[in-house]
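Enquirer: What follows is the residue order along each chain.
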Amino acid sequence: MSDLSEAAQQRLIARLAGELRPVTVLPSPWKRAALWLGAALWFGLFLSIFANFQMLRVRLLSTPDMGIAELGAVLTAMLAAVAAFQTSVPGRSAHWAWLPAPAVLLWLGASTVGCLRLGPIPGTEPESPMHPAVCAWFLLMVSLPMAFLLMLMLLRACPLRPALTASLGGLASAAAAAALLTLIHPFDATAEDLVVHLAAVIAAVLATRVLGARRMGLDPSLRAR
Amino acid sequence: MSATLAIATFDGFRPGPRLWHMGAMKDEVQNRGLPVLMAAAQAGDRAAYQAVLRACVPVAAAAARRQGHAPDAVDDVVQEVLITVHRALATYDPSRPFGPWLHAIANRRAVDAWRRHGRAGGREVHDPEAYLAHADSGPDADAQTDAGFQSDALRAAVARLPAGQREAIELIGLAEKSLDEAAAVTGRSKGALKVNFHRALKALRTLMVQGGDV
Chain L
4 MSDLSEAAQQ
14 RLIARLAGEL
24 RPVTVLPSPW
34 KRAALWLGAA
44 LWFGLFLSIF
54 ANFQMLRVRL
64 LSTPDMGIAE
74 LGAVLTAMLA
84 AVAAFQTSVP
94 GRSAHWAWLP
104 APAVLLWLGA
114 STVGCLRLGP
124 IPGTEPESPM
134 HPAVCAWFLL
144 MVSLPMAFLL
154 MLMLLRACPL
164 RPALTASLGG
174 LASAAAAAAL
184 LTLIHPFDAT
194 AEDLVVHLAA
204 VIAAVLATRV
214 LGARRMGLDP
224 SLRAR
Chain C
24 MSATLAIATF
34 DGFRPGPRLW
44 HMGAMKDEVQ
54 NRGLPVLMAA
64 AQAGDRAAYQ
74 AVLRACVPVA
84 AAAARRQGHA
94 PDAVDDVVQE
104 VLITVHRALA
114 TYDPSRPFGP
124 WLHAIANRRA
134 VDAWRRHGRA
144 GGREVHDPEA
154 YLAHADSGPD
164 ADAQTDAGFQ
174 SDALRAAVAR
184 LPAGQREAIE
194 LIGLAEKSLD
204 EAAAVTGRSK
214 GALKVNFHRA
224 LKALRTLMVQ
234 GGDV
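Chains as they are written, first to last, in this note's numbering: chain L, 4 to 228; chain C, 24 to 237.
Hints may contain errors.
[Claimed, not checked] Per the computed footprint, the stretches of chain C lying under chain L, defined by three or more beta-carbons under 8 angstroms from a beta-carbon of chain L, are:
no.	stretch
1	58–66
2	76–90
[Claimed, not checked] The following residues of chain C were derived to be distant from chain L, with all beta-carbon distances above 12 angstroms:
no.	residue
3	H140
4	L184
5	A198
6	S201
7	L202
8	K213
9	K217
10	V218
11	L230
12	M231
To be clear, the hints were calculated from the coordinates, so they are not data collected in a lab.
It should be emphasised that the depicted structure is a prediction, and the values quoted were computed from it without experimental measurement.
Ideal placement from N, C-alpha and C gives every residue a C-beta, glycine not left out.
Next up, chain L with everything else stripped away, as it sits in the complex (with noise of 0.2 angstroms):
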């Protein structure tokens, strides 16, 4: 290392020290989970206001497999989040980031098993034309400020991967936004829809993964000086 260079890291040492101020530890990458799950929990319980508990217990006693699509898009919710704030810490393995897989199959296989189904379920409503892209505008509009929520709380941490951090949670978000849906949703799923909500759900992640990766970035007003 030459001289020059070497006068250049004292000097880059020298910023840092001066700029450092005293900070407190981040919590746990569980207990940060469990903070933005809270706040989705928030959400549902103000959702709830508009739900047909009394419709809800029918469907999902009728037909299981929209239950088990529920459970599925709950667990991807949860575990979703945990390996976005797992992987947003340096020195955590990549490998959080299959955590959530076993519970997107689950709720993908479950929610296609719902779509081959025949016949309307008990105590749903018929689906008007316009449903499908209201969902997909429900998925959107819930799961973008859920996955915001998310951004800003990761953003506290320093993803050495941004573009893998951010997509899980918009993973996260999406799924949440997913199983809120089901509170307020009066229809059985057809083919149409679990395409739209699929590319609703890929939209919502993507756009995550997109705005999140960049701000994630390091920030350039550090680097340029």
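Since the structure of chain L is already known, use the hints to place chain C on it.
Expert: Below, chain C alone, put in the same frame as chain L:
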């Protein structure tokens, strides 16, 4: 286990020789251990923080070299690692080992440097001849040289003028003084200065037209 032994063996992490040459720093690191120093840095202890950052340098450089970076790129990776350590300070849990935390940052930044290098390689072309042949947007070198020669010729022509004319051209033409100011400086009348100035211009015109003889 003593603090010295603890730091020498934890996670296989050893501060490099450069660190051990730093007298007080050496004692500081030996006595307290990096996890302890990191905890102190998180509390705002700048001396402890400097010790930690210095201990990160050899680890970052080794990670960059392992990834096959050239020596100048190694310095860039080291700087990126130090900045990332600064940003990620709050994410370190003092109850966990320091080594994996630092190694993850160092390895990641070394890989990121290759990615940036690859992206730059896709956008930029290495063509030293085109670079050398590219015309400079500044003044033409020939024109600058000509201007220099003309300036020398004019100076030589002024030197060949009679004393009165030379004085008039230097004060009124080159120093841009008014007739009143020039008269005050030389003690001559304004009329005499005006005559000398016009004769000097005429003589210079003749001398400059003669060109290389001057």
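Enquirer: Decide, hint by hint, whether the structure agrees.
Expert: We went through each hint and held it up to the structure:
no. : hint  : result
1   : 58–66 : holds (count 3)
2   : 76–90 : holds (count 4)
3   : H140  : holds (16 angstroms)
4   : L184  : holds (54 angstroms)
5   : A198  : holds (47 angstroms)
6   : S201  : holds (52 angstroms)
7   : L202  : holds (57 angstroms)
8   : K213  : holds (62 angstroms)
9   : K217  : holds (61 angstroms)
10  : V218  : holds (64 angstroms)
11  : L230  : holds (54 angstroms)
12  : M231  : holds (51 angstroms)
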